[in-house]
Amino acid sequence: MSDMKFKSQLVLYGLFIAITILMAFAGEITLPVTWDMEEIKRFHLPPPDTTVEVAYAPKAYYDTLPEHVIYETYPVYYREFERPGYLDSLRGLNPKIAFDPSMLKTQEDWVKAGEIVFNWPVAYTPINDKASRAVATESTGRIPADGAYLFNRYVLDKERGLLVGSLSCASCHTQVLPSGKTVPGAPGNVFNVVPFAKAVRTGKIPFPVLQAQARDLNFAPWAPPSLQFMPLTADEFADHLEAAPHGVSDRQGSAYLYPLPIPSLIGIKDIRYFDRTGLMKHENPGDMMRYAAFNQGMDMLTSYDGYIPGGKAGNTKLPAASEWRHAFGYVGKKYTDEQLYALTQYIYSLEPPENPNTFPKELLAKGEFVFKKSGCVTCHTPPLYTNNKLTPVNGFEPPPSHFEKYDIFNVSVETDSVTALYSRRGTGYYKVPTLRNLWLQTAFFHNGNLSSLEEIFDERRLQPDYVPGGFKPTHVKSMAVKGHPFGLELNDEDKKALIAYLRSL
Amino acid sequence: MKTFLITCVTLCVFAGEYDHVMNMVTECHVEFRVSNAGLDVTGYFDDVDVEINFNENKLHESHIVATARAESIRTGIPLRDKHLQRSDYFNTDRFPGITLTSVSFRKTGRNKFTSAFKVQIKKTTKVITIPFSMERKGDATMFTGRFEINRLDFGLGEQSLILDESVHVTVVLSVRKKY
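From first to last, the protein sequence lines are chains A and B. The numbering of the first sequence is the working numbering, which starts it at 1 and goes up by one. The numbering of the second sequence is the working numbering, which starts it at 1001 and goes up by one.
What the hints contain is simulated information worked out from the structure, not anything from laboratory work. Note that the coordinates shown come from a computational prediction; the quantities given were computed from them, not determined experimentally. Heads up, the beta-carbon is just placed ideally off N, CA and C, and yes, glycines get one too.
So, partial list: chain B residues that the calculated Cβ filter (under 8 Å) puts toward chain A: (1) 1037; (2) 1039; (3) 1080; (4) 1086; (5) 1087; (6) 1088; (7) 1161.
Whenever a hint applies, use it, and build me the whole structure from the sequences.
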């Protein structure tokens, strides 16, 4: 070997070492792979009917799907709060890419980028209006101090101009407190259902289209034929929309007329299962990335005994990438792994706001005693106020293999089991919910039938003539809200103390 | 949900009467106590069957067999009781009874004894030493024994941050002569 060749090899070797060291110091992140089939099979729980064969969209297919390019977005304000000329001023701007993974160097960078993803709408409607369509005086959503309508954000598009964007993570996971303060990650209460219900009722959204979409959203092949899976009339559906209180959501994979409570994302890093039914395990950021990918449309491309909710040819075949539509009908796009990873880092960083509730120390001490004495502490174990386990529902007996794979607290608390048994999100279990930051929650039990802690501990709810304060299907005048009987027998003083304690968590 | 686990074993028994071989059990309480989140959870078994042949002067001929119906566990919270019957605790579908069978007796003082018992819960059998006392009241004789088990030794639940592994059991038994 010549001297020259040796020297050049030495230089190359030195460069390699230097680059390796630099990368190590720069804190290079190895991104989890979202669509990793082995990981998907590990983290996804099966349906309660073990004869159902589930097949996820193949990786080769996933890789062909179009990706989101995330631009700057701008707040939507209620008309009463919007400054004159605001929309035209936005039209004067150029679209600017907001998420650029090459710029992400530090953990703080990833968190900030994740906030952008969190707020990125995935459905868009072009508008030519001069002023906001959102009217505060007609809204059912709570309005923050600055008058923003937090369900939507404006997006600029080179071809289509100004768009109203919706269905970001923030749309459902943002809460406005009575003080007007905004809390990202808390169960949402900003959605104004009035325009949507009106569009359904007046036929602006053609009912057959809506009905077909509802079927795709709600039908589970293993559910009994008697279980309704789509509305029968436009009025019925509009009534249903209007009956759903804040804090619950009809989402794809739920059973029709069985909406799900919106969970708090604050502190979710510590929670071992996603979804009310524990549909997916949460063991690492990759699992949260997979959860987000499924919930942004990939669950509609999962096959259940050959039935693909978002499939074509009678729900039997995967659509071509260009044909892919999200669960709610708009053009489907997937997040990149970088976007999803950033999203997890932002969500993991969320902190609860200061609890405005104050109670006398003696009352809280008594409440804590009642909490322990009544057995609440066993499932809702501090410091997370959940034991992070799954409880089987009535009608489901965990197979022996589940005890090896999952964290099971092997008794049913006898709440309604439809969601766990007969929806596509069903697993045969409900997750023991955390009671942390319970004061931010307004929808209780698995379908949000109860709206307060007082209702939970009111034994009248067990009777068929009870009118629940939360969600109630519009075709019934009253209904029993059964199960989870803990605390029903407490005297008024103990209940008051227990409720105070729970609101302080 | 709140359920916990508790456990216990029951063993009712120890009966005795010096002169009389046969004894009639008139009362049997099997209670247990376990600490959960720093507070005591107490409970009992509602259905305990005892067969006794106890003679203080013929200890080598004495024997006691007690069987508690595991389903009869009561802790004051019905759903908790239901959980205790499931496979992760007593698994009452497969193992309906908890049995305690005497192996030997030893007198340790005036009206005081120690016995070795085989305790069977689910698939596990362990020999446990149980001290007990005897008190005569009229024609009745009352026996009181206390002991402790580790619930994990018997596959009752799993390790827990809040639920203690030690379960304290108290057995009170009243026996009358049977002529």
